[in-house]
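Number of protein chains: 2
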Amino acid sequence: MALIVQKYGGTSVGDIEKVINVAKRVIETKRKGNKVVVVVSAMGKTTDHLIAMAKQVSKNPSDRELDMLVSTGEQISVSLLAMAIHELGEGAISLTGGQVGIFTDTVHTKARILEIKADKMLEELNNNKIVVVAGFQGITIKNEITTLGRGGSDTTAVALAAALKADLCEIYTDVDGVYTADPRIVKNARKLNEITHEEMLELASLGAKVLHARSVEFANKYSVPLCVRSSYNTSEGTYIVKEMDVMEEPVIRGVTVDTSEAKLTLLRVPDQPGVAARLFNKVAQKNINIDMIIQNVSEHGHTDISFTLNRNDISRIKPLLDELVSELEASEVTIDESIGKLSVVGIGMRSHCGVAARMFSALAKANINISMISTSEIKISCVIAEKDASKAAQVLHDEFELDKE
Amino acid sequence: MALIVQKYGGTSVGDIEKVINVAKRVIETKRKGNKVVVVVSAMGKTTDHLIAMAKQVSKNPSDRELDMLVSTGEQISVSLLAMAIHELGEGAISLTGGQVGIFTDTVHTKARILEIKADKMLEELNNNKIVVVAGFQGITIKNEITTLGRGGSDTTAVALAAALKADLCEIYTDVDGVYTADPRIVKNARKLNEITHEEMLELASLGAKVLHARSVEFANKYSVPLCVRSSYNTSEGTYIVKEMDVMEEPVIRGVTVDTSEAKLTLLRVPDQPGVAARLFNKVAQKNINIDMIIQNVSEHGHTDISFTLNRNDISRIKPLLDELVSELEASEVTIDESIGKLSVVGIGMRSHCGVAARMFSALAKANINISMISTSEIKISCVIAEKDASKAAQVLHDEFELDKE
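Sequences listed follow chains R and H, in order. Here our numbering is used: the first residue of the first sequence is 36, the next is one more, and so on. Here our numbering is used: the first residue of the second sequence is 36, the next is one more, and so on.
Just to be clear, a hint being listed does not mean it is correct.
Any copy, or any two copies together, can satisfy a pair, since identical chains are not distinguished.
In silico DSSO-like cross-links for lysine-lysine, where the CA-CA straight-line distance does not exceed 30 Å [stated by the list, open to error]:
#, residue 1, residue 2
1, 67, 94
2, 90, 155
3, 200, 177
4, 422, 400
Please keep in mind that the hints were generated in silico from the structure rather than gathered at the bench.
Extracted from the complex, chain R is given alone in its bound form (with noise of 0.2 Å):
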C-alpha cells in the first residue's frame, strides 16, 4: 500500500463534469490498494472572477482581504469534489489549508510555507477516507488565511507529501508530460520519461509552465518523488527523479523558447565602479526582474550595458532608466521587444565539453544571429531575433537528436 498525493488544477476541475471525471480518477487509485491525499486548485476561472469583482470594489485591495476572498476558490472546488467521491462510494473529506494545518509566514498573496500538520490527514486516511485538501492556500499562526502565490497548489501538494513521505507525488495537468520542446513549436519534440529536479527546475524558469519552480524546489530539499501526468489520459508522464537517479544521462534534456522578454541597452554608460549597482538596486527596487546582464568590454571610459526582462515591466521601467541616463549622462537607452530567447538545458553539459560550441555552431549554420549569451552550470540562452526563434529551436532539437530516447 503506498500513499499518494495527487494534485489536479483549475482546468482538470473547471466544471461539474471534470469534478466527477476527478473523482473517478482519484478512486480508482485508492481502489488499487493506494491511501491518497489530493489537492485541487479552484475552478477553471474562479480565481480571476474573484479578483475581477475585488478590482470592481478597489484598484488596490488589501493583501490581507484578498487572501479571504480568493482563498474561497479553492474551498469550493474541495467541497464538490468530497461530495463527488462520495456519489461514488467512497468515503472522503474535505479541508481548508487551515483546517490541514499548513502554516505559513503572514506575507499574504505570497506566503511561504513553514509547517505542515500531517495528524489530521494521517487521520482521516486511516479512517479509510480520500482527503481531499485545497491547494495554494494556508494559515499563519494568528489564525488568518494566506495564499501562496503562483504555482501555489503545485507547491502544497509538494509540501504535503513531504510531510506524509509520501511514497509519490502526482501534478495533473492539461498535457502529457515534460517535452524535450513545445510541441507546438518543434514538431519531433518527444516526451521525457524522466528529468533531474535540477533541469526542470532551468527549464520552469525558462518558462515549460508545466510545473513551477518553487514546487521543484521544494520536491528536490525533501527528496518528494514527482511525476507530471494528464488528468486526460492514462500515460505515464515524466518523474522529476534526483541526480542519481537517473537512468539517461544525455547531454541536453530539452530545448526552451522565450518569446515574452525584451532587450535594453543603456549606451554610453561612464566605466565607473557602483554604476551597475545604482541600475539594477534602483530596478529591484520596483520589484521587476531582470534576467540577463551582460556589460561589454570597456572603449574609451564608457561601456554598454544590456539586460532582458518582461515586456510587461517595459512601461515601468523606462522612467527609471531615462533618469539614469541623465544622471550618468549616458548617451540613450534602446528597447529592442523582437527577441527571442533560446535554451538548452542538461545535467550532461557537466561532463562533456564543447556543448556551447555546438549550439553556435548549428545555429551559425542556419544562419541565426546571437546577440547576447548567458550560461549556468547545466544550461546555455542565447538572445536572437523573434523572427527566427522556432527555426533555430528546431535546429537545436535536431542537432542535439532530442527526438531519440
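Dock chain H against the given chain R, drawing on the hints supplied.
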C-alpha cells in the same frame, strides 16, 4: 460612544454597488462615534447558486461538505465589504465565523451556537477597526465549519451583540420595519415603532419574514436591544423590546395572513387512546412540521382529526396517512389546499377580555366562515377560505383600528 452590531442580508449586498452602499452606511455609523461590528450574508443568490452546484454533483450531498461549500458565500461578501470600507478611508477587518470564534454544536447545516469569543472582535474594535463578520456560519471545537440554517445571519448578529454586550443590534432589510399587516394586502397597514419579543416571535412564526424567530428568541433571552430597519432609507425602523419597556400596549399589534398551508382531515378515526400519538409520531419521524391540530367531539366511538401543515409537505405525508387510514380502519383522508390562516397578535390580549368574540363577530358580519380556531396567550388564529383571506385581514385591521397609533 456606543457599540452597534449591524446586519445586512443578501439583497442588501446583492451586487458590488450595493456592497459599496453598505460600506458607506457602516462608515457613517462609525463616524458618529460608534464602534461597529457588521454581519453580512452571502451576496444575492450566491447561496442558491452554490447549492445548485452541489445538487449537480449529488442528489443528497453530505451536510458537512455542504457547510464547507456554502460558507464560502459569506466569506466572499465580508472580504469585499472590508475592501470597500478600506477604499472609503476607514480601517476594517473581515472575519469568518471560525476566526471570530463562533463555536457551535456539530449539527451541520443547522448548527446551534454554543459560545462566542468576544476577544478578537474587541481587540480589532480597539484598533479602531470596523469588524466585518461572516453571518450564518460557525465552527466546532474540532475546527469543522458549520452553518446555522435558516435565519442564520440574523442569529449571528444577535448572538454577537449578546457576546459583545452591544448597545444595539440593527437588522437591515428591504422593508422599513414591522407592519401591523402586510402592506400589499392591507392598504392602510402602519409601520410599528415598537413591538415586544413575544409578539415578534408570534408574527415570525406566522410567516412575517422580516425577522427570523430564532434571532428574536436569542434577543429575548440575552436582553439584546434589537431593531429592524431598511437598508434603502434612513427611517427609524421598528424596535423589538422587552414587555416592560413597551410604551403603548394596544390589544392587538398586528394581523397576519398565511396562505402556504393546507388542511388535512382523517375522517371517522376510532376514538381510542393513543391514536393521535400514533399519527403525529409517524409525521414527526418524517420531520414534517404540523401547525394547528383539532380533534372534534367523539360521536359513536369515532372522531375526526384535522391538522394543517405546509402545502409542500403534502406529497411526503400522504403515503403515511393512507397507511394509517387502513391500519386504523378510518374512513378516509381529505385534503383542502385552499385555506388561509388569519391571525391577530398582541400582548394586550392578556389583560383584555373578549378579543376572540370581537374577532369572530367582525368576520361573521363580513360573511366569512371560520373552519378551525387555535389560540395562544397572545394570539388567535382562524382557518378560513383562501379566497377570503385578504378581505378578512382588512376587516380585522379596521375592527381593531390598527391604522391608528
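Against the structure, the hints come out as follows:
1. 67 x 94: between (50 Å within a copy, 27 Å between copies)
2. 90 x 155: Close across copies (28 Å), not inside one copy (36 Å); limit 30 Å.
3. 200 x 177: Both, since 27 Å and 25 Å are each at most 30 Å.
4. 422 x 400: Within one copy only: 17 Å inside, 94 Å across.
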